[in-house]
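Chemist: Assemble the dimeric complex from its two separately framed chains, guided by the hints.
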Amino acid sequence: MPTAPPLLQRTPLFDRHREAGGRLVEFAGWEMPVQYGGVAAEHLAVRTSCGVFDVSHMGEIETTGPEALQLLQRLLSNDVARIGFDEGLQEGVAQYSLLCREDGGVLDDLITYRLGPERFLTVTNAANHERDLEWFREQAGAFPQAHVSDAATGFAMLAVQGPAARGIVQQLCSQPLPDRMRAAERTLAGVRALVCGTGYTGEDGVELMCAPEDAGSLWDELLARGAVPAGLGARDTLRIEACLPLYGNELTLQRGPIEAGLGWACKEQTGFIGAGAVEHARHDPPAERLVAFVVEGQGIARAGNPVQGGGEVTSGTHSPSLREGVGMAYVPREHAAEGTRLQIDVRGKMRAAVVRPKPLYRKG
Amino acid sequence: MAEASYPDELLYHAEHDWARIDEGQGQATLGITWYAQDSLGEVVFFDPPAVGTAVTKDSSYAEVESVKAVSDVIAPLSGEIVEVNEGLADNPALINEDPYGGGWLVKVRMSDPAEREALLDAASYRDSLSG
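So the sequence lines, in the order shown, correspond to chains A and B.
This note's numbering puts the first residue of the first sequence at 1, with every later residue one more than the last.
This note's numbering puts the first residue of the second sequence at 1, with every later residue one more than the last.
Okay, chain B solo, but in the shape it has when bound (with noise of 0.2 Å):
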């Protein structure tokens, strides 16, 4: 997507990460934000981590490739993955059209749900971007 957008219904992190919480399922679904892509440029490769994989809020769980560029992924919230994102082996260019829908990169079972609260909401983000 050409333009930045933050969608309100998401929880941020200031690594340039996004949350989206499935409360039934005690899950979330993780990503990068618009802007984390604009700043990499057009994504070549993603290496997930496998599923079962714990991971930390704030250290990285994996890696996205640009041509230029490797940036690591910051775990906004704690848990365990269930799922990764396979269409993007095929199609990592996902992340860059659609970051928040098909460019989502893992499924975690959240450990610490309370960890939530330390996210940042949309326009907390959107301000740390200006700032």
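Only chain A is shown next, with the shape it has when bound in the complex (with noise of 0.2 Å):
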């Protein structure tokens, strides 16, 4: 007997996404675009001007109260205490850190902004999002004046990128924006929405949070402005040049930040789930150490590809920037220092890489 297919989430923005022509595909739940021109175009225009991706399938988890701080600091790897919010602005600050078990495993990776003096929005990846409010509620019974609730079905969010990615949005709205890494509520041509200094592609640009009947509107608008739609298969492209993690890639519940390169991302002092492991990680420091790498030569490792003397390729692509092969990888700490070859197994065959340091990318 045939199964029935999976029932697949969508955004707000769905029609606006085959109009588009968007390829659609599976993605965490979700049915989301992967492309519309090109992955290539897409990413160029993220490099060179401005590219809009849908990214609502993220979840988001407010944590509010007198307790809120205290809560997300035992939750979260980084210092939230060092996240302000400016009353007289009424903007916050954003701050990335790693949701870890006792054991240093990674639960997800995060954002989370401050929005107000006992108010905070954590944005969560999709695959994770119930296991991470599980988790949230399960901390937060030891603290009875922090609120956890599943915010994930108030909004729509697009993350607007590229070097004229604040100069479209500013044109939507009176007010000057955000800086990069802090938080503010803003009306963009009408919509009420968060504007968010932050992103994944490792170029400037802000990422938009407001309600899902608001989105539609707010994606024509920046269209007519000339944002390039821009689907999941760039955002990874842009991703791995920029050598940001992706949750079940770089990141898993078997490996540490410390081992991932995120040692920035933990301050043990907070005692924070995880800090002891963390901690003794940075003293006696793992066996395997990400590294970024380019392929010499023709070729491309992808996800999976054993690393010869052991690791394994987490990412791999071809990038539309260095036009080579591109990627990270876990390999032992002692063939981990820029400069390093590395051989890749390729679906059996030997493909010459370099370890180079992160990112891959720089702006320009």
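In case anyone wonders, no lab produced these hints; they're calculated from the structure.
Honestly, I wouldn't trust all of these hints.
[Said to hold, decoys possible] Not the full set, but computed from the structure, chain B residues with beta-carbon under 8 Å of chain A:
hint: 1; residue: Glu-42
hint: 2; residue: Phe-45
hint: 3; residue: Pro-49
hint: 4; residue: Val-51
hint: 5; residue: Glu-65
hint: 6; residue: Val-67
hint: 7; residue: Lys-68
hint: 8; residue: Val-70
Cβ coordinates follow ideal geometry from the N, Cα and C atoms, glycine included.
Modeler: What follows is the structure, encoded as structure tokens:
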């Protein structure tokens, strides 16, 4: 008997993706555009002007109350006390962190925005949202003055990225936009949105969070001003060039923040869950380390390809900006130095690669 | 090419490959169809097999890679590779731009010309896509 196809969720922009010629694929339970015109063209639009991504599949968790900060300090690897909120400007700070288990294994990587003295919004990966939410609620038991709520259905999210992104969004807004790693509410062409100076492309830009019913008009306004629709394909090539980790590839329950090169996002003195394991890993480094590489000559290494002498590629693609095979891999610590030559087994063919500093691409 | 096209003079394999048979030479030119290149997206790398390699009908003989993915190329006919399209090394996008012309992949000397009987004509292949 044939099984029924899984019921996929759709974002409020589903019809617009179809209109724009988007090719829709399943991603983490959602039906999302992987590309419109072509991955390389969308990628280059983000590098040279402005692309807009529908990232409404991402989840949100709101944490509020007098003990909200204390709860997040326990959950998140970074020092949440360092993210401030300016009451005069009504503007908060954004912070990247990891959500770890006691053993240091990574449950998710997150951005948290402070939206008020006792109000925080944490953006989760779609595939992890339910597990994150459960983990937040479990830990909230010890903080009766903190309230955790699932805000995922309350928001659509658009990432507007590229050197022209801020200029385009600014055309829709009479107030200045918040700076990089800051967030504030603004009215954009009549739509109330949280404007965040964050992204996942290695370019300047903003992410906009608004009510689902407002996403369509915001999308239209952005396209009318020159933003190019970009899909998950370009999102992946952009983040790989920028060496930004993807949960499920570079980050898993089996790996800790230190081997992933994310020690900078961990402040053990806060006593977060997993701090002990992270501290231990800092002093007694794990056997493997995440590196960036480029393939020398022909060939493209892909996720899952083994590295000779130990280790494995976690992400690999053809870089539209660098026009060569690029990627990230976990390799033994002694092979992690810049310039180290690697041999990667690409479906039975050995390809030479060389370890390069991260990021592989830096905005000009 | 932007529009789907399946020339009548070619034979097709259901795995989205085509063959152009040169009766006089006993050879066939092989490539991937419009549908295959459109599904893959922009081809960035074609890894050709060596001249002299034997290929077997219905088996993979090469790989084409787009930014997103790698895909096996299935041989529609058996034989020995006598030539590979060297032009694709510098310009693999020819596979997208001209899949039946400049984007051809290899030429084979057919070992069993009767195998062609199992291939599809353009109309049947087109039907298989809409099915």
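Chemist: For this structure, which hints from the list above don't hold up?
Modeler: Hint check: 3 and 4 fail, others pass.
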